[in-house]
Each structure stands twice: as C-alpha cells, then as structure tokens.
Amino acid sequence: MYGDTAVIRRLAGQMREQAADLRIEADRLVGSVDAVAWNGGAAEAMRGAMRDFAVRLRAAANEHDDAAEALDAHAAEVDRLKALIAAIEARTRSMIAEAKDRIASAANAVANGLRALASDSFDDVLARFQPPPSGHKAWLNDDVPGA
1 MYGDTAVIRR LAGQMREQAA DLRIEADRLV GSVDAVAWNG GAAEAMRGAM RDFAVRLRAA
61 ANEHDDAAEA LDAHAAEVDR LKALIAAIEA RTRSMIAEAK DRIASAANAV ANGLRALASD
121 SFDDVLARFQ PPPSGHKAWL NDDVPGA
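Each step along the sequence shown adds one to the number in my numbering, with nothing skipped, and position 81 is 81.
If you are wondering where the hints come from, they were derived from the structure by calculation, not from laboratory data. There's no promise every hint is true.
[Stated by the list, open to error] Simulated crosslink set (EDC-like; lysine to aspartate or glutamate; CA at most 20 Å straight-line): (1) K137 x E89; (2) K137 x D4; (3) K82 x D72; (4) K100 x D143; (5) K137 x E44; (6) K137 x D79; (7) K82 x D143; (8) K100 x E89; (9) K82 x D4; (10) K100 x D123; (11) K100 x D124.
Keep in mind that this is a model prediction, so the values were computed, not measured.
Model the full structure from these sequences, guided by the hints.
And the structure:
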C-alpha cells in the first residue's frame, strides 16, 4: 500500500517513453525493410519476418502503456489511502484530546469541591486508546474508537 507516489508516477512516465521508443523502432524497422533493394523469395521472407517483429514491438509498446496506466492508478490509490489515514488519524487524535480535557475538567471539579461531572464511558475508552504511529495503515482498522 505504501510507496512514494512521485517515484511510481516517474516509473509510469518511463514506461510511456519506452512505449514511444518501441513504436519508433517498429516504424524504423519497417521503413528500413521496405527500402532494401533486394528481390526474391528470401527478400520477401525477410520483409515478412521483420513486419511480424514490428507488430510484436507495437504490442510490447501497448503493454508498456497498459503498465503505465496501472502504475498511475496505483499511485492515485496510494494517495487516496494516505489521505484517508491522515483524516482518520486527525479525527481520532482530536477526539482523544477532547476526551482527556473533559476527564481533566471533571477531576478538577472534584478537586475544587464542586459536584463531579460524570465522564462519558466513551471518553474513558478514548483516553486509554494507544494510537498507532502517524500515517500507519492501522488507522484503517475498525478498532480505532469513533472512526
């Protein structure tokens, strides 16, 4: 899931460049074969073989384009998941901080001789929650309180 999306996109660009190079090579090959001033059965067999090879080069170019599209799609999904992780993380950390503040306020009220405000049991869950490291895929798990 993780990865440097700039590197992934750069690789996709390289795949597209290679696809273009393969197409240029296929065109050059066919042009060179057609320009040969050689006649006869062997010449036609060679031309046919080279045209077939050019077809395979173009097919390889198409596969490079497909790979580039897949890499771009993967990079977009990685970016989407990183953003989702960051949003869940920020929301959870905020809820934890708010729960701790409410608990501290209730404790202060008791310490000051005021009637204690009962803290929410969910606040207790949040206050005890040990969040995973920032950006970790564990933020996508169902056991994140309130996520």
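Each hint, compared with the structure:
At roughly 10 Å between alpha-carbon atoms, K137 and E89 fall within 20 Å of each other, so this suggested pair holds. For the hint pairing K137 with D4, the CA-to-CA distance comes to about 15 Å; that is within 20 Å, so the pair holds. Between the alpha carbons of K82 and D72 the distance comes to roughly 15 Å, so the proposed pair stays at or under 20 Å and holds. The hinted pair formed by K100 and D143 meets the criterion: a straight-line CA distance of about 19 Å does not exceed 20 Å.
About 60 Å separates the Cα atoms of K137 and E44, which puts this hinted pair outside 20 Å; it is violated. Straight-line distance between C-alpha atoms of K137 and D79 comes to about 13 Å, which keeps the hinted pair within the 20 Å bound. At most 20 Å may separate the alpha-carbon atoms for a hinted pair to count; K82 and D143 meet this at roughly 18 Å. For the given pair, K100 sits about 16 Å from E89 by alpha-carbon distance, which is consistent with the 20 Å threshold.
At most 20 Å may separate the alpha-carbon atoms for a hinted pair to count; K82 and D4 meet this at roughly 11 Å. Under the criterion of a C-alpha separation no larger than 20 Å, the hint pairing K100 with D123 is consistent with the structure, at around 7 Å. Among the hinted pairs, K100 with D124 is consistent with the structure: their alpha-carbon atoms are about 8 Å apart, no more than 20 Å.
In the structure shown, a violation is registered for the earlier hint numbered 5 alone.
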